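Work out the full structure, taking the sequences as your base and the hints as a guide.
Going down the list, the protein sequences come from chains A and L.
Residues in the first sequence are numbered consecutively from 1, following the UniProt record's numbering.
Residues in the second sequence are numbered consecutively from 1, following the UniProt record's numbering.
Errors might be hidden in some of the hints.
Stated by the list, open to error - List of simulated lysine to any residue pairs, SDA-like, C-alpha gap at most 25 Å:
| id | chain 1 | residue 1 | chain 2 | residue 2 |
| --- | --- | --- | --- | --- |
| 1 | A | Lys217 | L | Arg416 |
| 2 | A | Lys217 | L | Lys514 |
| 3 | A | Lys673 | L | Leu551 |
| 4 | A | Lys508 | L | Ser160 |
| 5 | L | Lys514 | A | Ile222 |
| 6 | A | Lys508 | L | Ser520 |
| 7 | A | Lys217 | L | Ala506 |
| 8 | L | Lys419 | A | Leu233 |
| 9 | A | Lys508 | A | Glu547 |
| 10 | A | Lys457 | L | Ser520 |
| 11 | L | Lys21 | L | Ala191 |
| 12 | L | Lys514 | A | Ala530 |
| 13 | L | Lys514 | A | Gln510 |
| 14 | L | Lys514 | A | Gly512 |
Said to hold, decoys possible - To give a feel for the contact side, a few chain A residues facing chain L, derived at Cβ under 10 Å:
| id | residue |
| --- | --- |
| 15 | Leu227 |
| 16 | Ala238 |
| 17 | Ser249 |
| 18 | Leu265 |
| 19 | Ile594 |
| 20 | Leu657 |
Simulated from the structure, these hints should not be mistaken for lab results.
Bear in mind that the values here come from a model prediction, so they are computed numbers and not experimental data.
Just so you know, even glycine gets a beta-carbon here, dropped at the ideal spot from N, CA and C.
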Amino acid sequence: MSSTAKPISILSPAILVPALREAILKLDPRQLVRNPVIFVTEILALLVSAIVVGDLATGQGDVAFSLQIALWLWFTVLFATFAEAVAEGRGKAQAESLRRSKTNLSAKKLLFPQSPGDRSSEIIPAASLKVGDLVLVEAGDIVPGDGEIVEGVASVNESAITGESAPVVRAAGGDRSAVTGGTEVISDWLRVRITTRPGESFVDRMIGLIEGAQRQKTPNEIALSILLSGLTLIFLVAVVTLYGLALYSGTALTVTVLAALLVTLIPTTIGGLLSSIGIAGMDRLIRFNVIATSGRAVEAAGDVDTLLLDKTGTITFGNRMAAEFVPVNGVAERALAEAVLLASLADETAEGRSIVALAEDEYEARLPDPAQAGARFVPFSAQTRLSGVDIGDRRIRKGAVDAVLAFAGLDRATAGSDFLGAVEAIARSGGTPLAVAETGRLLGVVHLKDVVKPGIKERFAALRAMGIRTVMITGDNPVTAAAIASEAGVDEFLAEATPEQKLDYIRKEQAGGRLVAMCGDGTNDAPALAQADVGVAMQSGTQAAREAGNMVDLDSSPTKLIEIVEIGKQILMTRGALTTFSIANDVAKYFAIIPALFVATYPGLGALNLMGLGSAQSAILSAVIFNALVIVALIPLALRGVAYRPVGAAALLSRNLLVYGLGGLVAPFLGIKLIDLAITALGIA
Amino acid sequence: MTLSGWLQIFILLIIVLLLAKPLGLYMARVFSGERTWLDPVLGPLERGLLALAGPGAGREQGWLAYAWSVLWFAVSGFLALYALLRLQGLLPLNPQGFAGLAPDLAFNTAVSFVTNTNWQNYAGETTLSHFSQMAGLTVQNFLSAATGMAVAMAVTRAFSGSSGVVGNFWVDMTRATLYILMPLAILVALAFIAMGVPQTLEASFAATTLEGVQQTIATGPVASQEAIKQLGTNGGGFFNVNAAHPFENPTAFSNALNIVAMLSVSLALMYSFGQMVGNRRQGWALIAVTLVLLCAGIGAIYWAETAGNPLLHAVGVDAAQGNMEGKEVRFGQAMSALYAAVTTGLSNGGVNAMHAALTPLGGLVPMLLIQLGEVLPGGVGSGLYGMIVFAILAVFVAGLMVGRTPELLGKKIEAREMKLAMLAILILPLTILGFTAISAVMPLGTGSILSPGPHGLSEILYAYSSAAGNNGSAFAGLSGNTPWYNTTLGMAMLIGRFAYLVPVLAIAGSLASKPRIPPSSGTFPTDRPLFVGLLIGIILIMGGLQFFPALALGPLAEHFAMISGQSF
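Right, here's the structure in full:
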């Protein structure tokens with residue numbers, strides 16, 4: 001999916017043109033009623049429009065002024081619906097390209113599902129598949145629906161879903177047995193049991209999510225909507241009662257100016273942008289190649305207190321690697337390095353390769369040139385637990401400590417304190433000692449350890465600054481786990497973890513009021529993924545894991561949880577920032593409109609006209625225009641989100657309060673004044 | 001403004017601050033059900049009262065049961081007081097032989113005292129018997145204050161526990177009365193008597209003045225009522241002119257005691273809150289918010305009053321005195337400003353100067369202090385729970401900006417809390433602006449106005465602000481003792497008290513059943529200066545913004561007119 005790789009600019013005509021059309025369709029009051037602030041604005045726009053029509057018919061009233069107010073009220077509503085349409089537009093384009101990947105699919109339904117290996121099948125439309133059907137997928141075929149591989153191994157191109165062009169291997173059994181509808185089998189064949197009904201497959205869910213068809217308000221969005229509706233009500237009371245107070249003071253206010261005052265006071269800025277913020281957040285997640293099954297999960301990600309990470313593949317590379325050579329009995333370091341290098345030349349395991357790399361790069365060991373001639377390599381076997389090389393009369397072996405001791409004709413009592421000390425030091429630090437001996441003599445020990453990925457410590461430090469505790473889950477023994485935990489900088493670890501322990505740990509954290517995120521890929525992770533508040537399943541994982549989690553990471557990269565958390569936080573921050581901005585704006589609007597309304601009755605109130613606005617009408621019009629334009633001006637911010645920095649809550653808040661609180665207080669004073677200057681210059685009010 | 005004036009103000013505020021911690025700790029012990037040094041004396045009395053109420057009367061209640069208890073108690077208190085006022089003529093201790101009150105006035109007065117408002121549409125010394133003052137009003141002075149404290153404690157427990165219960169109203173109310181209000185009231189009353197405030201059951205005296213005119217000098221059990229009037233932030237004075245009367249407030253020292261007595265309990269309750277939720281800094285943060293806004297209010301009144309009225313200066317009144325109209329010379333500008341700010345910030349409503357005679361800006365401040373929601377520091381208890389509603393709004397709006405679901409003291413603020421908080425916040429503008437607008441356009445309302453123009457609007461606005469905010473101070477100038485005002489002001493008081501209190505208790509119930517999330521570095525700390533500043537901003541914007549148009553047409557219009565040489 002090329003669109004995931006490079007995001008479509010919101011300014012491209014491909015988005016803007018359909019968005020304009022959508023924006024007008026969204027004016028339908030039945031849709032707008034979901035957004036109370038903008039709904040009220042639309043009612044007021046209708047009201048003022050009716051007054052304009054009435055005034056035109058009777059020839060009374062200030063038609064030019066009312067008409068301009070009416071127009072700008074409509075623009076306010078339109079800008080809000082436009083913002084939502086733009087936010088949805090990008091997702092729609094992505095959904096379109098997904099949908100293309102699954103049009104007109106056909107399936108090869110197996111005729112003899114009971115006989116393994118049998119590949120005779122009939123071709124039926126994919127849409128008529130039922131859960132439990134067995135289908136055959138061969139090289140060049142598109143997988144007709146989500147399913148579980150029951151037989152076969154094949155390489156699959158999942159780029160339609162993940163955007164990653166390198167094919168992945170899928171096989172029956174184990175944690176790599178799920179296939180996704182819409183992906184293409186490149187080589188070999190698979191027998192697949194269909195696990196979802198057509199229309200409910202992973203791709204269908206993705207399309208639905210992206211298009212926002214299943215979008216429901218998240219808990220926090222609901223709470224914020226209530227605040228905004230409450231504010232709207234409060235200002236409605238203030239404006240309606242102002243009519244009576246003005247009447248007492250000898251001013252009969254018109255509906256037009258009251259409507260203008262009300263629209264500028266109610267929080268239209270955040271009201272107009274609220275849904276765009278959520279949609280854009282989901283969209284950012286999708287561009288990160290993460291699919292969330294609900295907005296609720298994304299929001300919960302922002303609240304996560306504890307992060308459970310699998311050690312293997314996330315924190316460490318997953319293979320033990322040589323980290324150090326420890327010579328014993330007076331052997332030179334270089335001599336040990338060369339001996340180990342020789343012994344490992346034919347060792348194609350990850351451990352063996354890492355020994356070669358370490359010896360050549362760090363210890364600058366070089367092979368004696370003729371040495372390889374006549375060399376006989378001894379491969380590792382589970383019985384001997386040794387591998388090595390025989391060159392002439394040199395017999396070099398490396399392997400488990402006891403096996404090497406036996407090879408050298410020694411035991412723990414005769415090995416010497418030098419050797420035993422080195423072995424014990426390595427074991428205590430969580431590493432694995434690999435003994436090396438030549439014929440009857442111990443040369444030293446290779447320190448094998450789980451290597452922590454570079455940069456991971458900094459990421460955990462960043463998480464800690466966000467207030468998130470990281471917990472490493474590993475099947476290792478506690479000693480090894482503790483060593484890796486301290487090296488990677490995680491806050492806690494769970495050693496020798498079983499699925500039950502993971503589940504218990506999550507429950508314990510949740511009972512303490514904490515929100516837990518975890519990522520996993522195996523079937524045995526499924527209960528924990530389901531229990532966690534945010535469960536991120538790897539796309540490469542099993543169907544069970546993918547069903548249990550509430551997010552799927554298409555790139556299968558577990559550290560992505562950090563970005564997910566950031567996106568969750570960004571959504572909340574953007575909402576908070578625009579709410580603060582919106583409320584702070586009201587101060588300036590009062591100072592623009594109130595003196596304008598009453599200066600005729602009480603000339604002294606002109607002193608409140610701090611901005612020195614041209615006339616009463618231009619003051620009111622400027623406030624309304626500012627109020628409408630600020631929505632458009634903030635669309636990019638709503639879509640991009642307020643930047644998150646892991647600097648701690650207090651620092652973050654003081655910065656945002658300064659920018660959006662103080663900024664919200666000052667900006668409208670400047671904006672309204674500028675618009676007023678323009679209006680006065682044009683002479684339209 | 002003078003240095004000595006400011007010194008007087010600050011010395012009094014410092015005394016109050018010094019009292020906040022010991023008094024706050026004591027009250028926290030009382031409401032946590034712990035032993036206090038008064039137990040040997042009051043313990044048996046408390047147990048006896050609860051035993052009278054029947055077995056199980058002290059069981060922990062959920063919010064709904066708690067709210068029903070509050071309402072039931074208020075209704076019975078209202079009915080008893082209403083009957084007492086109506087039947088005054090038949091009851092004892094009535095040396096002046098006052099008749100029963102008219103239905104609308106009795107309704108207004110009973111509501112006024114049950115809601116801790118103490119709006120006085122009657123002149124105490126010429127309307128009420130000693131029995132009505134003592135058995136009626138003073139009893140409600142204690143009970144309405146104790147009710148406020150009880151509700152505040154229910155809200156406090158919502159943050160400290162997570163079991164869903166919020167305490168027991170009958171226990172809280174009894175303990176507030178017995179352990180806190182009674183002992184303090186006895187102390188303060190004795191101090192007032194020492195300062196020359198009368199305490200007698202005698203009838204009024206007749207005296208012949210130097211000019212040979214007959215004068216009636218009213219007296220009665222003044223000191224005892226004065227003490228609880230301040231401690232319970234009731235504000236209903238024995239005399240019509242309240243604490244400006246030389247018998248209620250004879251000297252500068254009695255004035256100081258008045259101010260300390262009314263401020264200390266409300267402020268100390270904020271400290272108790274911090275103590276009970278396990279974060280004393282939180283208590284100090286709320287106190288800081290209060291004092292910053294209160295000092296701004298005091299400063300504004302003090303400045304406006306010493307600047308005086310240019311119209312009067314033009315006709316030869318000494319400008320150096322500032323505006324002394326309606327003020328007592330024995331208190332002066334500073335103490336009048338302090339009293340005016342404190343009594344309105346506090347929901348007390350007693351006055352030692354006539355607020356209607358303040359300069360327009362000097363009069364705007366007390367009005368705004370009431371409209372901000374009576375949280376600075378507000379009535380005993382009611383101020384604390386009002387402040388917590390604002391704190392909930394503050395963490396919600398700004399808390400989002402740290403990228404987490406907002407939480408206050410570890411309790412998540414979600415849709416239900418927001419709904420209830422907005423409901424509570426809506427009450428004040430709806431009641432104040434609604435009734436004011438109706439009264440401003442109907443002859444029933446405008447007929448009572450003494451001065452036309454913007455000042456008249458201020459009179460109405462102040463009356464409804466005072467009633468809905470349960471303050472009870474009057475701008476005067478408005479003839480409030482009419483059926484229209486007696487009834488609508490009574491309604492405003494009821495709505496302002498109970499329509500606010502029930503959603504607040506519902507918030508308490510909702511929070512009480514939530515787990516308390518331990519703080520992390522991602523949590524927004526609510527006990528730092530940043531939060532203090534934020535809360536001040538939220539109180540000003542959410543509490544004050546909606547009143548700006550009304551204030552512009554009232555005191556602001558009058559102020560600018562005064563500057564340009566026009567008076568109303």
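For each hint, the structure was consulted:
1. A:Lys217 / L:Arg416: Roughly 15 Å between the alpha carbons, so the hint for Lys217 of chain A and Arg416 of chain L holds.
2. A:Lys217 / L:Lys514: holds, 22 Å
3. A:Lys673 / L:Leu551: OK: Lys673 of chain A and Leu551 of chain L at ~24 Å, within 25 Å.
4. A:Lys508 / L:Ser160: holds, 21 Å
5. L:Lys514 / A:Ile222: Holds. Lys514 of chain L to Ile222 of chain A sits at ~19 Å (cutoff 25 Å).
6. A:Lys508 / L:Ser520: holds, 17 Å
7. A:Lys217 / L:Ala506: holds, 24 Å
8. L:Lys419 / A:Leu233: holds, 12 Å
9. A:Lys508 / A:Glu547: Since the Cα atoms of Lys508 of chain A and Glu547 of chain A sit roughly 23 Å apart, the hinted pair holds (cutoff 25 Å).
10. A:Lys457 / L:Ser520: At roughly 19 Å apart (the allowed maximum being 25 Å), Ser520 of chain L and Lys457 of chain A satisfy the hint.
11. L:Lys21 / L:Ala191: Since the Cα atoms of Lys21 of chain L and Ala191 of chain L sit roughly 22 Å apart, the hinted pair holds (cutoff 25 Å).
12. L:Lys514 / A:Ala530: Judged against 25 Å, a Cα distance of about 22 Å means the pair holds.
13. L:Lys514 / A:Gln510: Holds, at roughly 12 Å.
14. L:Lys514 / A:Gly512: Holds, because 11 Å separates the two Cα atoms, which is no more than 25 Å.
15. Leu227: Check passed: Cβ of Leu227 of chain A comes within 5 Å of chain L, closer than 10 Å.
16. Ala238: holds, 4 Å
17. Ser249: holds, 5 Å
18. Leu265: holds, 8 Å
19. Ile594: With a minimum Cβ separation of about 5 Å from chain L (threshold 10 Å), the hint on Ile594 of chain A holds.
20. Leu657: Where the cut-off is 10 Å and the nearest Cβ of chain L is about 6 Å from Leu657 of chain A, the hint holds.
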